[in-house]
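Heads up: the sequence lines are chains W and U, in that order. So for the first sequence, numbering that gives the first Met the number 0 puts the first residue at 0; every next one is plus one. So for the second sequence, numbering that gives the first Met the number 0 puts the first residue at 0; every next one is plus one.
Just so you know, these hints were derived from the structure itself, not from any lab. A few of these clues could be false.
As the list claims (entries may be wrong) - To spell it out: a stretch of chain U is covered by chain W in this simulated footprint if at least three of its residues, at any positions, have a beta carbon under 8 Å from a beta carbon of chain W; those stretches are:
| hint | region |
| --- | --- |
| 1 | 89-101 |
| 2 | 104-115 |
| 3 | 235-247 |
| 4 | 268-275 |
Claimed, not checked - Straight-line Cα separation of at most 25 Å, DMTMM-like style, residue types lysine to aspartate or glutamate; simulated pairs:
| hint | chain 1 | residue 1 | chain 2 | residue 2 |
| --- | --- | --- | --- | --- |
| 5 | W | Lys56 | U | Asp274 |
| 6 | W | Lys67 | U | Asp274 |
| 7 | U | Lys5 | W | Asp266 |
| 8 | U | Lys272 | W | Glu9 |
| 9 | W | Lys130 | U | Asp274 |
| 10 | W | Lys250 | W | Glu281 |
| 11 | U | Lys5 | W | Asp115 |
| 12 | W | Lys67 | W | Glu116 |
| 13 | U | Lys272 | W | Glu68 |
| 14 | U | Lys273 | W | Glu9 |
| 15 | U | Lys14 | W | Asp129 |
| 16 | U | Lys13 | W | Glu270 |
| 17 | U | Lys273 | W | Asp266 |
| 18 | W | Lys139 | W | Glu153 |
| 19 | U | Lys14 | W | Glu128 |
| 20 | W | Lys253 | W | Glu198 |
| 21 | W | Lys230 | W | Glu182 |
| 22 | U | Lys272 | W | Asp75 |
| 23 | W | Lys67 | W | Glu128 |
| 24 | W | Lys217 | W | Asp75 |
| 25 | U | Lys272 | W | Glu59 |
| 26 | W | Lys250 | W | Asp266 |
| 27 | U | Lys221 | U | Glu193 |
| 28 | U | Lys5 | W | Asp75 |
| 29 | U | Lys13 | W | Glu196 |
| 30 | W | Lys217 | W | Asp165 |
| 31 | W | Lys130 | W | Glu182 |
| 32 | W | Lys74 | U | Asp274 |
| 33 | U | Lys5 | W | Asp100 |
| 34 | U | Lys272 | W | Asp88 |
| 35 | W | Lys245 | W | Glu182 |
| 36 | U | Lys273 | W | Glu63 |
| 37 | U | Lys272 | W | Asp115 |
| 38 | W | Lys245 | W | Glu281 |
| 39 | W | Lys181 | W | Glu153 |
| 40 | W | Lys250 | W | Asp293 |
Here the structure is a predicted model, which means the values were calculated and not measured. Virtual Cβ for every residue (Gly too), placed ideally from N, Cα, C.
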Amino acid sequence: MSSDVILRTERLGKRFRRRWAVRALNLEVPRGEVFGFLGPNGAGKSTTIRMLLSLVKPSEGRIELFGKELYSHRKDVLSRVGGLVESADFYQYLTARKNLDMIASLGGGLTRRAIDEVLNLVGLFPRAEDKVKTYSHGMKQRLGIAQALLGNPELIILDEPTTGLDPQGIKEVRELIRRLSKERAITVFLSSHLLSEIEQTATSMAIINMGELVVQGKVGALLNTGENVVKIDARPLEEARLLISKQQYVKGIKQINNTLEVNMPLDHAGELNTMLVRAGLEVYSLIPRRSLEDYFLSITDGSTDIR
Amino acid sequence: MLLILKDELLKTYKKWRTYIGFIAIAVFVPAVQLALKFEGGGMVNRMTRGLQDDFFLVGNFFNGYFITQFLLNSMWVHMPFLISLVAGDQLAGEATGGTFRLLLIRPASRSRILLNKYVTTLFYSFTLVAFLALVSLGLGLALFGSGPLLIPGRTITIIPVEQVFWRMSLAFGFAIVCMWCVASLAFLFSSLVENAIGPIVGTMAVVIIFLLLSNMPVDFFKAIKPYLFTSYLNVWQKMLEEPIPWQTIRNDLLIIGGHCVGFYIVTWYIFVKKDILS
Ligand SMILES: Nc1ncnc2c1ncn2[C@@H]1O[C@H](COP(=O)(O)OP(=O)(O)OP(=O)(O)O)[C@@H](O)[C@H]1O
Ligand SMILES: [Mg+2]
Numbered sequence: 000m001s002s003d004v005i006l007r008t009e010r011l012g013k014r015f016r017r018r019w020a021v022r023a024l025n026l027e028v029p030r031g032e033v034f035g036f037l038g039p040n041g042a043g044k045s046t047t048i049r050m051l052l053s054l055v056k057p058s059e060g061r062i063e064l065f066g067k068e069l070y071s072h073r074k075d076v077l078s079r080v081g082g083l084v085e086s087a088d089f090y091q092y093l094t095a096r097k098n099l100d101m102i103a104s105l106g107g108g109l110t111r112r113a114i115d116e117v118l119n120l121v122g123l124f125p126r127a128e129d130k131v132k133t134y135s136h137g138m139k140q141r142l143g144i145a146q147a148l149l150g151n152p153e154l155i156i157l158d159e160p161t162t163g164l165d166p167q168g169i170k171e172v173r174e175l176i177r178r179l180s181k182e183r184a185i186t187v188f189l190s191s192h193l194l195s196e197i198e199q200t201a202t203s204m205a206i207i208n209m210g211e212l213v214v215q216g217k218v219g220a221l222l223n224t225g226e227n228v229v230k231i232d233a234r235p236l237e238e239a240r241l242l243i244s245k246q247q248y249v250k251g252i253k254q255i256n257n258t259l260e261v262n263m264p265l266d267h268a269g270e271l272n273t274m275l276v277r278a279g280l281e282v283y284s285l286i287p288r289r290s291l292e293d294y295f296l297s298i299t300d301g302s303t304d305i306r
Numbered sequence: 000m001l002l003i004l005k006d007e008l009l010k011t012y013k014k015w016r017t018y019i020g021f022i023a024i025a026v027f028v029p030a031v032q033l034a035l036k037f038e039g040g041g042m043v044n045r046m047t048r049g050l051q052d053d054f055f056l057v058g059n060f061f062n063g064y065f066i067t068q069f070l071l072n073s074m075w076v077h078m079p080f081l082i083s084l085v086a087g088d089q090l091a092g093e094a095t096g097g098t099f100r101l102l103l104i105r106p107a108s109r110s111r112i113l114l115n116k117y118v119t120t121l122f123y124s125f126t127l128v129a130f131l132a133l134v135s136l137g138l139g140l141a142l143f144g145s146g147p148l149l150i151p152g153r154t155i156t157i158i159p160v161e162q163v164f165w166r167m168s169l170a171f172g173f174a175i176v177c178m179w180c181v182a183s184l185a186f187l188f189s190s191l192v193e194n195a196i197g198p199i200v201g202t203m204a205v206v207i208i209f210l211l212l213s214n215m216p217v218d219f220f221k222a223i224k225p226y227l228f229t230s231y232l233n234v235w236q237k238m239l240e241e242p243i244p245w246q247t248i249r250n251d252l253l254i255i256g257g258h259c260v261g262f263y264i265v266t267w268y269i270f271v272k273k274d275i276l277s
């Protein structure tokens with residue numbers, strides 16, 4: 000199985016003076032996946048990505064890419080990886096093409112056609128000869144993705160690639176990522192602080208909070224099965240509780256103030272609603288909630304990033 | 000390797016700040032030369048007044064070489080500033096611009112990238128001093144003509160006309176090596192911070208403080224003078240002494256070269272270990 004893991008970290012950690020930004024992080028990214036790396040602000044996403052790309056030396060642990068230890072095979076490994084860390088910054092006083100050309104030189108150089116190709120992929124070909132200082136934020140972001148694609152990498156690592164983009168721009172980036180994954184079989188490692196974003200683009204994911212791994216696995220498995228909860232407000236409450244508890248698919252039921260929290264698979268929510276209405280009860284609200292979503296909301300809303 | 004060097008040169012020479020030094024020289028040198036031209040030979044007369052009482056000087060002493068020598072002497076504190084303007088930006092500028100995040104995630108090693116940046120810095124220093132030589136000598140010879148070089152001092156030295164050109168050229172060559180040393184220091188400071196101001200101010204502070212210290216008429220400072228690299232930065236002047244002190248020149252150049260290598264090794268050590276957080 001290990002040949003299918005394209006990126007693995009073992010007890011990876013980074014300490015800034017006394018504070019651990021990332022600690023004991025074990026990640027496994029399977030080849031071919033779009034891997035979502037989710038965490039609130041200050042969770043340690045960028046620090047992790049900087050370590051994966053050799054910008055920051057880990058304080059402890061190890062990083063394996065393509066089954067090879069990063070620091071002892073740096074050149075070989077990084078020639079197969081593309082990355083975009085935090086905001087897309089370029090040499091403002093040079094053209095987009097010259098910027099890409101220079102970046103390519105650091106890996107041995109690429110032909111003009113190869114550079115045209117990545118420019119075309121992100122739709123910047125018509126503006127290739129303009130200086131980067133004339134670019135809008137969204138264009139720079141796309142150029143950032145373009146440079147990550149130079150040299151046909153097997154893996155690209157993108158740190159919040161949609162920050163600062165408008166809805167249309169976000170949609171375009173998402174579609175591009177899906178296309179790269181499907182058509183070119185590129186493995187994508189993508190960080191975000193939005194669950195919805197990961198849900199829409201990623202196939203596997205990990206959640207990190209305060210530098211530590213919370214959970215990782217397939218997006219489908221984590222989000223749509225498992226311990227999910229439907230919150231129901233129906234009157235009379237006691238009668239509703241009795242009726243609900245009789246359903247086979249219900250695994251548990253809890254009363255919190257005037258609502259019931261029913262532990263059950265979400266795909267039965269509609270059926271449950273119909274049943275309650277048919278029985279003559281008044282259903283004020285019925286909210287299906289995935290427990291992971293609840294959990295993620297609980298760590299993102301509030302001041303979890305201040306330690 | 001050559002691809003990277005070409006790109007580093009392009010990055011440096013496409014930047015506006017690189018031309019500040021060239022513009023400063025292109026404005027200052029002709030301005031001084033023209034002013035001297037209008038003033039006539041007054042300056043050389045004043046400097047040689049004592050001599051003229053006893054001897055009858057023959058020949059054109061107020062010539063291009065004399066002017067160049069005079070300019071070199073007066074610009075000697077300004078050149079380190081113009082050099083550190085670019086050398087101090089070499090690494091810090093990439094941090095400010097966030098472009099280390101593009102460069103250092105690529106297969107090329109940090110050592111290789113650093114070496115190319117260093118060579119670029121040395122090349123810039125070379126071009127700036129060469130430009131100074133070209134403008135001051137070229138314009139000087141055009142405006143004032145050639146002739147033997149008269150060097151005022153406690154004793155007056157006169158270098159015969161047939162020797163002046165090659166001596167002056169070597170002096171400029173040594174001046175380049177001196178500026179490499181200043182550039183290496185600015186380059187070192189540049190690896191420590193994320194903004195070019197620090198390296199520029201730091202380099203100037205070191206050069207000025209060291210020069211002040213080594214010129215203090217205090218015994219203690221005289222004792223430490225040999226340990227300050229700035230004490231050797233006037234090696235180019237020794238090409239214009241009579242006889243030429245080859246032994247001292249060789250030693251001075253070795254010490255300056257040693258400082259360049261030392262500064263580079265420290266920079267390398269800092270840079271390859273550095274966490275890129277910009
Ligand atoms: N240069 C630094 N010095 C000290 N602490 C740092 C430094 N950079 C990051 N940290 C700390 O490391 C932790 C993780 O930061 P990091 O930038 O990796 O978070 P992030 O998940 O990328 O957050 P965001 O969503 O805001 O980009 C934070 O607590 C931060 O304060
Ligand atoms: Mg971040």
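Hints versus structure:
1. Residues of the region 89-101 of chain U lying with their CB closer than 8 Å to a CB of chain W number 6, which satisfies the three-residue condition for coverage.
2. Against chain W, the region 104-115 of chain U contributes 6 residues with a C-beta closer than 8 Å to a partner C-beta. That satisfies the three-residue criterion, and the hint holds.
3. With a threshold of 8 Å between beta carbons, the proposed coverage of the region 235-247 of chain U by chain W is violated, since 0 of its residues qualify and at least three are required.
4. Look at the region 268-275 of chain U against chain W: 3 of its residues bring a Cβ nearer than 8 Å to a Cβ of that chain, three or more, so the hint holds.
5. With a C-alpha separation of about 6 Å, the suggested pair lysine 56 of chain W and aspartate 274 of chain U falls inside the 25 Å cut-off, and the hint holds.
6. At roughly 22 Å between alpha-carbon atoms, lysine 67 of chain W and aspartate 274 of chain U fall within 25 Å of each other, so this suggested pair holds.
7. The straight-line distance between the Cα atoms of lysine 5 of chain U and aspartate 266 of chain W is roughly 62 Å, outside the 25 Å bound, and the hint therefore fails.
8. Simply put, lysine 272 of chain U and glutamate 9 of chain W have alpha-carbon atoms about 21 Å apart, close enough for the 25 Å limit, and the pair holds.
9. Of the supplied pair hints, the one linking lysine 130 of chain W and aspartate 274 of chain U is violated, its CA atoms being roughly 29 Å apart against a limit of 25 Å.
10. With a CA separation close to 23 Å, the supplied pair lysine 250 of chain W and glutamate 281 of chain W stays within the 25 Å bound.
11. In summary, the hint linking lysine 5 of chain U to aspartate 115 of chain W is supported, as the alpha carbons are separated by about 21 Å, within the 25 Å threshold.
12. Restraint check for lysine 67 of chain W and glutamate 116 of chain W: not satisfied, since their Cα atoms lie roughly 29 Å apart, outside the 25 Å limit.
13. For the hint linking lysine 272 of chain U to glutamate 68 of chain W, the alpha-carbon distance of about 18 Å falls within 25 Å, and the restraint holds.
14. With a C-alpha separation of about 22 Å, the suggested pair lysine 273 of chain U and glutamate 9 of chain W falls inside the 25 Å cut-off, and the hint holds.
15. At most 25 Å may separate the alpha-carbon atoms for a hinted pair to count; lysine 14 of chain U and aspartate 129 of chain W meet this at roughly 16 Å.
16. Between the alpha carbons of lysine 13 of chain U and glutamate 270 of chain W the distance comes to roughly 68 Å, so the proposed pair goes past 25 Å and is violated.
17. Taking the CA atoms of lysine 273 of chain U and aspartate 266 of chain W, the gap is near 52 Å; set against the 25 Å cutoff, the hint is violated.
18. Pair hint lysine 139 of chain W plus glutamate 153 of chain W holds up; C-alpha atoms about 23 Å apart against a cutoff of 25 Å.
19. About 18 Å separates the Cα atoms of lysine 14 of chain U and glutamate 128 of chain W, which keeps this hinted pair within 25 Å; it holds.
20. The hinted pair formed by lysine 253 of chain W and glutamate 198 of chain W fails the criterion: a straight-line CA distance of about 28 Å is larger than 25 Å.
21. Distance hint between lysine 230 of chain W and glutamate 182 of chain W is unfulfilled; the C-alpha atoms sit about 41 Å from each other, more than 25 Å.
22. Taken as a hint, the lysine 272 of chain U and aspartate 75 of chain W pair is honoured in the structure, with Cα atoms around 20 Å apart against an allowance of 25 Å.
23. Straight-line distance between C-alpha atoms of lysine 67 of chain W and glutamate 128 of chain W comes to about 38 Å, which puts the hinted pair past the 25 Å bound.
24. For a cut-off of 25 Å, the pair hint linking lysine 217 of chain W to aspartate 75 of chain W is broken: about 29 Å separates their Cα positions.
25. Simply put, lysine 272 of chain U and glutamate 59 of chain W have alpha-carbon atoms about 15 Å apart, close enough for the 25 Å limit, and the pair holds.
26. Of the supplied pair hints, the one linking lysine 250 of chain W and aspartate 266 of chain W holds, its CA atoms being roughly 14 Å apart against a limit of 25 Å.
27. For the given pair, lysine 221 of chain U sits about 36 Å from glutamate 193 of chain U by alpha-carbon distance, which is inconsistent with the 25 Å threshold.
28. For a cut-off of 25 Å, the pair hint linking lysine 5 of chain U to aspartate 75 of chain W stands: about 23 Å separates their Cα positions.
29. The hinted pair formed by lysine 13 of chain U and glutamate 196 of chain W fails the criterion: a straight-line CA distance of about 40 Å is larger than 25 Å.
30. Only pairs whose Cα atoms come within 25 Å are accepted, and lysine 217 of chain W paired with aspartate 165 of chain W is rejected, the gap being roughly 28 Å.
31. For the given pair, lysine 130 of chain W sits about 31 Å from glutamate 182 of chain W by alpha-carbon distance, which is inconsistent with the 25 Å threshold.
32. Distance restraint check for lysine 74 of chain W and aspartate 274 of chain U: the Cα-Cα separation of roughly 18 Å lies within the 25 Å cut-off, and the hinted pair is therefore satisfied.
33. Between the alpha carbons of lysine 5 of chain U and aspartate 100 of chain W the distance comes to roughly 12 Å, so the proposed pair stays at or under 25 Å and holds.
34. Only pairs whose Cα atoms come within 25 Å are accepted, and lysine 272 of chain U paired with aspartate 88 of chain W is accepted, the gap being roughly 23 Å.
35. The hinted pair formed by lysine 245 of chain W and glutamate 182 of chain W fails the criterion: a straight-line CA distance of about 48 Å is larger than 25 Å.
36. Between lysine 273 of chain U and glutamate 63 of chain W, the direct Cα distance comes to roughly 21 Å. Compliance with the 25 Å bound is thereby established for this hinted pair.
37. Annotation: proposed proximity of lysine 272 of chain U to aspartate 115 of chain W is violated, straight-line Cα distance about 35 Å (limit 25 Å).
38. A hinted pair counts as satisfied when its Cα atoms are at most 25 Å apart, and lysine 245 of chain W with glutamate 281 of chain W qualifies at roughly 18 Å.
39. Taken as a hint, the lysine 181 of chain W and glutamate 153 of chain W pair is honoured in the structure, with Cα atoms around 13 Å apart against an allowance of 25 Å.
40. Taking the CA atoms of lysine 250 of chain W and aspartate 293 of chain W, the gap is near 18 Å; set against the 25 Å cutoff, the hint holds.
Hint compliance for this structure: hints 3, 7, 9, 12, 16, 17, 20, 21, 23, 24, 27, 29, 30, 31, 35 and 37 are not met, and every other hint is.
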